[in-house]
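Working from the sequences, and respecting the hints, build out all of it.
Position one of the sequence shown corresponds to residue 1 (the numbering used here), numbered consecutively onward.
Watch out, some of these pointers could steer you wrong.
As the list claims (entries may be wrong) - Subject to a maximum C-alpha distance of 30 Å in a straight line, what follows is the list of computed BS3-like cross-link-like pairs (lysine-lysine):
(1) Lys398 with Lys194
(2) Lys181 with Lys426
(3) Lys160 with Lys200
(4) Lys274 with Lys289
(5) Lys272 with Lys200
(6) Lys419 with Lys350
(7) Lys372 with Lys334
(8) Lys372 with Lys398
(9) Lys289 with Lys305
(10) Lys83 with Lys217
(11) Lys217 with Lys340
(12) Lys181 with Lys274
(13) Lys334 with Lys155
(14) Lys197 with Lys217
(15) Lys155 with Lys197
(16) Lys131 with Lys426
(17) Lys305 with Lys334
(18) Lys350 with Lys372
(19) Lys160 with Lys194
(20) Lys217 with Lys160
(21) Lys426 with Lys305
(22) Lys86 with Lys191
(23) Lys131 with Lys115
(24) Lys419 with Lys274
(25) Lys305 with Lys274
(26) Lys115 with Lys155
(27) Lys333 with Lys305
(28) Lys217 with Lys289
(29) Lys131 with Lys217
(30) Lys274 with Lys350
(31) Lys105 with Lys131
(32) Lys197 with Lys272
(33) Lys426 with Lys340
(34) Lys334 with Lys350
(35) Lys398 with Lys426
Since the hints were derived computationally from the structure, they do not count as laboratory data.
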Amino acid sequence: MSPAENSLNKMKTVIVDGVHTFLDNLSGVTSKSTVKVRITRLWDTWNVSKRKGMISTDMVLMDEKDVLQEGNVYEIDTFTVSKNKKTYIIVENNTSMLQFSASTKFTPQEYDDGKIPRYVFEFVPFEELHKRFGNDAHADVIGVIVDIAPVEERKTVYGKTDIMSLCIRNERCFDSGDIFKVTLWDDYVSKFDKKFKKYKHTTLEPNVAIFTSILVKQYQDEFLVNSLRSTTIYIHIDIPEAIELAQSSKAANVMDGSVDLPPIAAHLRVNKVKTIGEILDIAASGSDKNAVYHCVATVDDILVKNGWYYVSCPDCRRIVSPTETNFTCHNCKKDIAYPKTRFRLELQVKDRHDTTIFVLFDEVAEQVVQVKLGDLTSGLENVRGNDRDSDMPGQLLKIIGSTHVFQVRMSSYFESRGKQSFTANKILKPIVKEEKEGTVDTVCSSSSEPPAVNTPILARKRRRLRLPSSPKSDDMDQEDIVEDLDD
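Now the structure itself:
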């Protein structure tokens, strides 16, 4: 049994009453003082390379002197006060931390006088989260859940793990249409799933979630947050910030006229759904480059002149060039012995009046095709040049005629030789009901299942694929790939 576990087992040990010392008055030595605190968060820290090895049990403590956070109230006796660690900081601007040993005594307080608040958070506004990138301090975020992606399985250096991505927004984002992506890893996927099923509203009320101690990361010029071992998830807790956010979100939805949409799709306001013609006009005008729109379109064809996958650098995702012995990434300026093949689908899409090209990468393409690239290809990383001709798999042909809700950013607009294209960075599950021409009654559902594909019966059509033997060709070069991947 570890010292931390032994300490927790002694929580029922009663100690003599005495004067309580405030946390900020503790010095960096073994303390003979007694503190009265509420345990606001509690988690186990594990050795990630040896999942069965627990390093310690950690917690965030709060006393009644300052307004902070959650749980039961205890008197704690006999502990060591040390300087707070400089990395992976849970509570910012906190200089001290307590270290417990087997001699530490915990005494539960039967009477809670309410002087120590139940919850405390250090919420970081969405527009300031980028400041935490590269910062050693974690962040707490609060937002209304607006989308939940299906659970995926990823391979890591420690084995396979589940991940789930979801999007949240707060009141600052209603007019801009901006949302923030939260990625949950490993057992946090099941933790969120259980809490969300237990506490979510079954009506159109907004679902407010809080994620503590998350890590801000940057991926392809966009910021997102990841769960960590110290992350705690709350759904609909009774704090002023959550109540205010729920009320303002509900009011905003009523003002939008989108209150009739499912809760998970409440962020899809009417003015965010555009036809192909409308997004082409907006892109051509050069206005509102940071806008995000949703477009209901049908796959009309798969353009294979540039291939349906590419061989990439596993680090930066850019295209790699074949050499005599391996591959070279010009972006990372290094040789790549084991490149990674990735989806790159150019789809010609149409609605009632217009057509355009949507380019889909990786997970987004997998959502439409409903099959992983690895199941369609075998050993492609080691095939090079003109020897890489192959027939287009039949699974790809099946998506022709299917209708989807594509999310596109105006910043991804690309025009070359008269061809206009956008990168679709998300697929929403469509339940498309066109009551009138050019109008969409419902554009997506609240389900987190993969998008349902309406597959028409098609004649088998054989296509040949030839991928370029160099990083540049007349129709696609490395800059084209970079342009698409930047979104």
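Each hint, compared with the structure:
Note on Lys398 and Lys194: the hinted pairing is violated, with a Cα-Cα distance of about 35 Å set against a maximum of 30 Å. Distance hint between Lys181 and Lys426 is fulfilled; the C-alpha atoms sit about 12 Å from each other, no more than 30 Å. Between Lys160 and Lys200 the CA atoms are separated by roughly 29 Å; this keeps the pair inside 30 Å, and the hint holds. Pair hint Lys274 plus Lys289 holds up; C-alpha atoms about 15 Å apart against a cutoff of 30 Å.
A hinted pair counts as satisfied when its Cα atoms are at most 30 Å apart, and Lys272 with Lys200 qualifies at roughly 25 Å. Distance check on the hinted pair: Lys419 and Lys350 sit about 14 Å apart at the alpha-carbon level, within 30 Å; holds. Restraint check for Lys372 and Lys334: the C-alpha separation of about 28 Å stays at or below 30 Å, so the hint holds. For the given pair, Lys372 sits about 14 Å from Lys398 by alpha-carbon distance, which is consistent with the 30 Å threshold.
About 28 Å separates the Cα atoms of Lys289 and Lys305, which keeps this hinted pair within 30 Å; it holds. Restraint check for Lys83 and Lys217: satisfied, since their Cα atoms lie roughly 26 Å apart, inside the 30 Å limit. Between Lys217 and Lys340 the CA atoms are separated by roughly 22 Å; this keeps the pair inside 30 Å, and the hint holds. Restraint check: the Cα-Cα separation between Lys181 and Lys274 comes to about 22 Å, which is no more than 30 Å; the hinted pair holds.
Between Lys334 and Lys155 the alpha-carbon distance is near 23 Å, which keeps this suggested pair within the 30 Å criterion. With a C-alpha separation of about 28 Å, the suggested pair Lys197 and Lys217 falls inside the 30 Å cut-off, and the hint holds. Distance hint between Lys155 and Lys197 is fulfilled; the C-alpha atoms sit about 27 Å from each other, no more than 30 Å. With a C-alpha separation of about 26 Å, the suggested pair Lys131 and Lys426 falls inside the 30 Å cut-off, and the hint holds.
At roughly 28 Å between alpha-carbon atoms, Lys305 and Lys334 fall within 30 Å of each other, so this suggested pair holds. Taking the CA atoms of Lys350 and Lys372, the gap is about 25 Å. The hint holds against a cut of 30 Å. As the CA atoms of Lys160 and Lys194 are separated by approximately 21 Å, the hinted pair is consistent with the 30 Å bound. For a cut-off of 30 Å, the pair hint linking Lys217 to Lys160 stands: about 21 Å separates their Cα positions.
As the CA atoms of Lys426 and Lys305 are separated by approximately 23 Å, the hinted pair is consistent with the 30 Å bound. Taking the CA atoms of Lys86 and Lys191, the gap is about 29 Å. The hint holds against a cut of 30 Å. This hinted pair does not check out: Lys131 and Lys115 have alpha carbons roughly 33 Å apart, beyond 30 Å. About 20 Å separates the Cα atoms of Lys419 and Lys274, which keeps this hinted pair within 30 Å; it holds.
In summary, the hint linking Lys305 to Lys274 is supported, as the alpha carbons are separated by about 28 Å, within the 30 Å threshold. Only pairs whose Cα atoms come within 30 Å are accepted, and Lys115 paired with Lys155 is rejected, the gap being roughly 47 Å. Restraint check for Lys333 and Lys305: satisfied, since their Cα atoms lie roughly 28 Å apart, inside the 30 Å limit. With a C-alpha separation of about 23 Å, the suggested pairing of Lys217 with Lys289 holds against the 30 Å cut-off.
Proximity of Lys131 to Lys217 is assessed by CA-CA distance (about 10 Å); at most 30 Å being required, the pair is judged to hold. Between Lys274 and Lys350, the direct Cα distance comes to roughly 13 Å. Compliance with the 30 Å bound is thereby established for this hinted pair. Distance check on the hinted pair: Lys105 and Lys131 sit about 39 Å apart at the alpha-carbon level, beyond 30 Å; violated. This hinted pair checks out: Lys197 and Lys272 have alpha carbons roughly 28 Å apart, not beyond 30 Å.
Our distance criterion of 30 Å between C-alpha atoms is met by Lys426 and Lys340, whose separation comes to about 21 Å. Using a Cα cut-off of 30 Å, the hinted pair Lys334 and Lys350 is violated, with the two alpha carbons roughly 41 Å apart. Taking the CA atoms of Lys398 and Lys426, the gap is about 20 Å. The hint holds against a cut of 30 Å.
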